[in-house]
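J.: The lines below spell out each chain.
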Amino acid sequence: MESAGITLPEVDGVNKNFFEGLAGGKLLLQRCSTCGSHQFYPKPWCVVCGGLDLKWVEAPKEGRLYTYTLINRVIGNSREFEKELPYVVGSVELDVGVRVYARLLATNPSSIKIGCRVVLEPRKLSDKVGLPYFRVVE
Amino acid sequence: MTDVYVSGYAVIPPSRARADRGEAVLTAEEYHARALSALLHSLGIGKRELDGLSYALGINRTLWPHSLIYSAEVAQNLGVAPKLTVVSDHGGMSALSLLSEGYAFIKSGVVDHVVLLGVDSPLTPSKPQGGYRLERTWRYELNYELPLGMIGPLSEAALIARRHMYEHGTTPEQLGLVAVSQRKNASKNPWAYLKQPLTVDEYLKSPYLAEPVRILDAVIPVNGGFALMLSRSDDAKRFTDKPVRIEGVETQVNSEPQNELRDITKLNIPSARLLERVGVGLNGIDFLELYDDFTVVVLMQLEALGFASEGGGRFVEKNSITYDGNLPVNTGGGQLSGGQAGTAGGFSLVVEAIQQLREEAGERQVKGATRGLVTGLGCLGYNHNLVNRGVALLSKP
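Sequence lines, in order, name chains B and E.
Counting in the UniProt record's numbering, the first sequence runs from 1 upward without gaps.
Counting in the UniProt record's numbering, the second sequence runs from 1 upward without gaps.
Keep in mind the hints are simulated off the structure, nothing from the lab.
Each hint should be verified, as a subset may be incorrect.
Label-pair ranges, simulated between beta-carbon atoms [said to hold, decoys possible]: (1) E:Asn326 with B:Gly13: 53 to 59 Å; (2) E:Asn268 with B:Asp95: 37 to 43 Å; (3) E:Asn268 with B:Trp45: 19 to 25 Å; (4) E:Glu256 with B:Val14: 17 to 23 Å; (5) E:Val200 with B:Gly97: 37 to 43 Å; (6) E:Lys107 with B:Cys116: 48 to 54 Å; (7) B:Glu121 with E:Glu256: 28 to 34 Å.
Heads up, simulated BS3-like pairs for lysine-lysine below, C-alpha to C-alpha not over 25 Å straight-line [claimed, not checked]: (8) B:Lys113 with E:Lys266; (9) B:Lys43 with B:Lys128; (10) E:Lys205 with B:Lys113.
Note that this is a predicted model, so its numbers are computed, not measured.
Glycine is no exception: its CB is placed at the ideal position from the N, C-alpha and C atoms.
Can you make the complete structure from the sequences, with help from the hints?
T.: In structure tokens form, the structure reads like this:
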């Protein structure tokens with residue numbers, strides 16, 4: 001795995017579909033069958049109505065950047081990330097009413113701005129695990 | 001029902017555990033003992049007299065790993081036998097949470113007194129710190145933040161600060177004014193860790209950790225310890241002629257869970273319901289001790305409390321928030337300059353309010369101060385800000 005050394009998620013019954021979906025190029029979110037709310041991160045019930053019947057649905061591949069940060073130093077995380085410094089992490093807002101934290105890719109870093117359009121481009125670590133990466137539409 | 005008073009307090013000065021600079025290198029257990037010893041000294045009693053009181057003990061969960069069944073271990077280490085114990089897992093809200101529980105215990109007559117010990121020793125671990133942080137953090141951080149290369153609270157705060165700049169036009173200079181004002185306050189506080197003068201220019205030259213968060217936007221981690229004694233009104237007079245009244249405490253965990261598109265720059269502190277219940281307006285508050293893990297969080301609280309409808313950044317430009325200013329904030333330097341003793345950091349703000357209201361704040365004394373508002377905030381949530389929120393009003397009797 002190319003991921004050797006980075007901090008990996010702990011895949012469990014609640015979040016398995018999310019990480020597997022990204023490995024297959026899709027962003028899957030939980031949608032409540034009772035009230036129709038989408039939610040993220042994955043949880044064992046619907047935080048709006050308490051419904052237990054949650055279905056995984058594919059989210060739109062495009063969103064807008066709600067906020068972001070340029071990481072300048074690795075503190076309290078795997079030193080493996082130092083090879084990638086500096087890099088941008090942000091919160092991507094999807095029109096189904098959720099936000100997802102993601103790594104942001106941009107040919108021209110100055111194009112990263114709040115409100116800019118971003119498109120899903122997951123990083124595949126294995127058949128079971130992908131991570132949410134988005135590319136800025138320039 | 002009885003009123004509840006703070007009848008005594010203690011501060012063990014912060015340390016970065018730099019033995020080469022002559023600083024104290026102490027474990028959390030040692031801070032517990034020193035804080036309790038100093039508290040008993042402030043109360044004018046010995047340990048045997050404490051043993052004869054009806055009291056509860058409240059402690060914070062330290063950052064450093066501790067046993068699952070923790071409070072009984074602390075009691076054994078100290079040789080104390082409280083009637084009941086309470087442990088807070090509220091991070092930065094720990095002091096306010098314990099204050100709230102202690103207040104309720106005394107109000108309800110369960111005990112006559114409550115001893116609160118707030119200690120942490122994050123810089124004196126027995127194994128490298130990085131490993132345990134990853135083992136003990138929130139699952140949402142482990143699963144959805146750290147694999148992206150996020151760096152914990154610094155990066156979470158940076159997401160908030162960036163959005164705050166977008167929503168309110170907040171500038172780096174305005175964030176710098178918070179750091180600079182609090183440093184001026186710290187310069188008059190004997191137990192603040194950072195006392196050397198700071199200018200906005202120096203702030204602007206300090207390096208970014210997670211842009212827009214600079215090193216001077218964040219707290220400086222320290223080891224340290226604090227202790228408080230809460231007592232029923234008639235008992236408080238036994239220990240001091242300067243009791244400080246706890247007018248009320250409110251806490252709230254999480255907000256707007258049903259709205260994932262919440263504004264992360266809004267920090268809904270439950271201050272309105274506290275002020276209404278106590279019957280106090282904003283103009284009845286003489287100084288603020290606002291939980292300050294990051295500079296932007298101070299601005300967000302000035303907005304949330306209702307002091308800065310024009311935005312916290314513009315407020316600190318037009319007003320002075322130093323101890324001698326028109327709205328004194330974090331009069332001892334806060335955690336940004338005073339130091340953050342792990343999950344006990346919020347105790348420094350409570351203790352500073354008590355010193356002000358006992359008129360023991362020396363050169364940084366807010367003249368004529370009769371009432372202070374203290375906040376405690378903890379747990380940086382996913383797509384959120386600090387989700388544990390506590391607020392207390394303390395006053396001269």
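J.: Find the hints from earlier in the document that the structure breaks and name them by number, from lowest to highest.
T.: When the structure is compared with the hints, only number 2 turns out to be violated.
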